[in-house]
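Sequence lines, in order, name chains A and B. So for the first sequence, the working numbering puts the first residue at 1; every next one is plus one. So for the second sequence, the working numbering puts the first residue at 1001; every next one is plus one.
Just to be clear, a hint being listed does not mean it is correct.
If we take Cβ atoms under 10 Å as the criterion, some of the chain A residues that face chain B in the derived model are [claimed, not checked]: (1) F45; (2) F364; (3) P368; (4) I391; (5) G400; (6) A401.
Hints listed in this document are in silico derivations from the structure and should not be mistaken for laboratory results. Just so it is clear, the structure is predicted and the values come from calculations on it, not from any experiment. All residues carry an ideal CB built from backbone N, CA and C; glycine is no exception.
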Amino acid sequence: MLALLAHPLAPYATLALFIVVMLVAVGAVRERNIAFGVTLVALGFLLVVNVPAVLGTGSSDVGDLMRVDGYAIFFMALFAGAGIVTTLLSGPYVTRLSPWPDEYYILLTTAVLGAVVTAAANHFVSFLLGIEVLSISLYAMIAYPREGRKPLEAAAKYLVLSGAASSTMLFGMALIYMASGSLAFESMAGLSAHDSLIADIGVAMLLVGILFKLSLAPFHMWTPDVYQGAPAPVTAFLATVSKGAVFAAFLRYATDAGILASDAIALGIAAVAVLSMVAGNVLALLQESVKRILAYSSIAHVGYLLIALIATAGIGGNAALGVETTLVYLTGYFVMTLAAFGVMTALSSDGQEADDLMAYEGLFWRRPVLAAVLTAAALSLAGIPLTVGFIAKFYVFAAGAEGTLWVLVWALVIGSAIGIYYYLRIVFTMIRKPGEEPTGESPEEPAPPAGGPEATIPRLTAAVTIVLGLAILAFGIYPTPIIDFVTGLTGP
Amino acid sequence: MSLLAVILLMLAAGVVAWASERAHANAPRYVSLVTFVIGLVWAAAEWLMGADPHGLYASQFIEWIPRFGINVTLSMDGLSTMLVALTMFLGIVAVISSWDEIEERTGFFQFNILWVMAGVVGVFTAMDLFLFFFFWEVMLIPMYFLIAIWGHEARAYAAMKFFLFTQVSGLLMLFAILALVWAHHAGSGEVTFSYYRLLDAELDPRIGFWLMLGFFAAFATKLPAVPVHTWLPDAHTQAPTAGSVILAGILLKTGAYGLIRFAVPLFPEASEAFATPAMVLGAASVLYGGLMAYSQSDFKRLVAYSSIAHMGFILLGVYAFNEWGLQGAIVTMIAHGFSTAALFMMAGALQHRLHTREMSKMGGLWVRAPRMGVMTLFFVVASVGMPGLGNFIGEFLALLGAFQKNVPLTVAAAVGIVVAAVYGLSLMQRSFQGEPNPEVATMRDFGAREMSVMVLMMLGLVWVGVYPQPVLDMAAPFIDTMLGNMTTAPDVAAAAPVATKGGV
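Put together the whole structure using the sequences plus the hints.
Right under this line is the structure:
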């Protein structure tokens, strides 16, 4: 049994097995908590049993398609953790939408399966397979509140644009195959160094698809609409697991296939990074919706992360530090993004999405604990010390400095400086008492409290957000456990 | 008690104060007060027990993030010890000055005060650049909350401006810190954030100059110097009394401390090259701050602008690179901490009683509240630079030092002292002297609680003014080492030590 669990395919097989169990169980008994419970067990099993079991085996290839190494296992743990958090957040939220939300959890587990496969992919086939399993599950999850117009619109938009991106990506893969005769990442190494126009066009088309999925400028147009339309827990999943999986595969592809050896491509990615950092932060300034603010902020954050990717190659590049930065950054980004959306989910439990910034007015006085968690998350996203976001940003700084990418580091500084304004705006809105003018004199008579009596907040959701908020602070003050874990998995 | 334990005690006390709000409305105030008293007693004890052979009064080392050579390195030399003691003392002043001003959410209020002060103590003692930046930012968020929640009418604008100025300049410093660390790494192969190791970093002078500017930007903004001072009048005016006391009394000093401890010693050649522009900024701050102060009609805003002027002397003194200038800067830091804290406390007391800060609505208050009048007069006169009080020693030494370096700028700054007398006396005249304002029928005078703090600050100023030798002695070892590392300091090395001129 133990030997079986240590097989590199075991995590994927058990997760798939759980999905089948769920399908069968749901067919036999309609009981709302079965799928919820099985999902938690499946993801918990992945995190607690599978990950430690395969951890000792080192790097092992599964055929030509997947490489289950420390890197893939790290993401397995991260995605399982994020999946568990999303499930817990979804519990009370989804129950409100449907009396039997079984299919939602099946889709969620399938999406995690897609994500872990993507993170282990070292071949175009598994890469595409993983991304599509993930994306297709997400379409349905976004549209899950069937009665709403916004979720349907968001799902349709995501479906069409994501489909277009996938086909561009496929075409790019075909061109690369034409030039290299292989679909495995490693056998493309050196391809970019040669002056092959077809290969360059292929890589460029592939990159367009990847950049779209990562919602980097100028391929970011869909992000705010989809973030805003999707239910809060699904947005959380989309912002973390979906982006994390694509980035994981992108980084593996970029380093294995050595695409950064081509100056044109390296320059193009650097330009995308700068554009994303600037555009994401500037556009976030103009938003009145918290989901849209977080959408634009996520564009900027993935832009920061590209610095780590670029730092793996180039002059003075250090692949190990770049990879380490990516893993630490994504861990931090996952925690703070999930915390922010967790608070949003908690506040959305009365059937009204807590999306408008004004819905957060005076939150500090009404719900101090949730407001404190959102403050921690916002300050963490802004990269202020004491929070894990600072450690993450510090790592990117370090990777950029190590790779002497000074232009990119400057863009990071400028982007962060702009970013502080809109993150603080969220914090300030929560401090402000309802009815008080943003900058003017305080009003003569106190305005009536906005909205009616407040809905009760599910204990489970509140508990999850508090744990995430504490994690933001704990890892911000003492990040060594994360760093040790990451270096232990990826180090020499 | 170890240094880290003191900082953790303050952080923990903050949480306790917040939680104790439920028990009793006064409980958070007592928690906070007791913590600062313990801190002050501890700092005084360390001071009196004397330094170890390395000149340190307390020190500590704990491994933190070994991956990047980051450690919790805390140590207090004479300079830090004085500033930590001042921090604790002003903590007491802040708590007492806000005793009956803040009625709302006192727990969270005291939490923020304790956390700002914990950050300040960290800044004054951190000897690891990462840790220093960490504490630098820890000071920021609670201060933001203090202004944004308990501030006056335009608090939102003031809080945001304060945060943006400090944070953006802080990012420049972070950039400079990392570039410095990686430049050191490229030369030596070692990644370390240790202040002591980075002092020896070999730098390309051109890069060194830019990195120095990164540090200078952060410290000059915090100080603040013209032209990055614009956050200060707003933040000080809008902050609650305790916030203003902390901001003016101690937060501005972190900027001065940063210049003396980090910007100059880490980049001696670059600082030397930058001395004239920095001194120009200093003299400009003195004159501009003075003129702006004179044209204010708001009591608190006037005091705020006067701070800019006083901080200009610090900039002049530091960039004179001689013992007089630096000693003058340090004495000014201490003396200004007392005098401005007292004046802001007065402004807060007046606003609490009269519900206005406009001096046109005051006038003749001396008749109504003679104790407040006497206190205001004393601290105005101190702030103007009356011999025998601390500010005089500081500004005199700073000018003496600057005179060796640049005569025209020193003359210009000396004119600023005249301007100080003008705005200082005009403040006194418009608020406490003249015809009693008929709208102010009665005004409660200072009680025993307020008077006791005021008298303590008076004693402090008289002590520094009449017998500054202990302060000079405490700062001397660091200044000597620092000047010893500078490339050119021959004119000072030959000059008589400042010790003989201490008494004035």
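Each hint tested on the structure:
no.	hint	verdict
1	F45	violated, 31 Å
2	F364	holds, 8 Å
3	P368	holds, 8 Å
4	I391	holds, 8 Å
5	G400	holds, 8 Å
6	A401	holds, 4 Å
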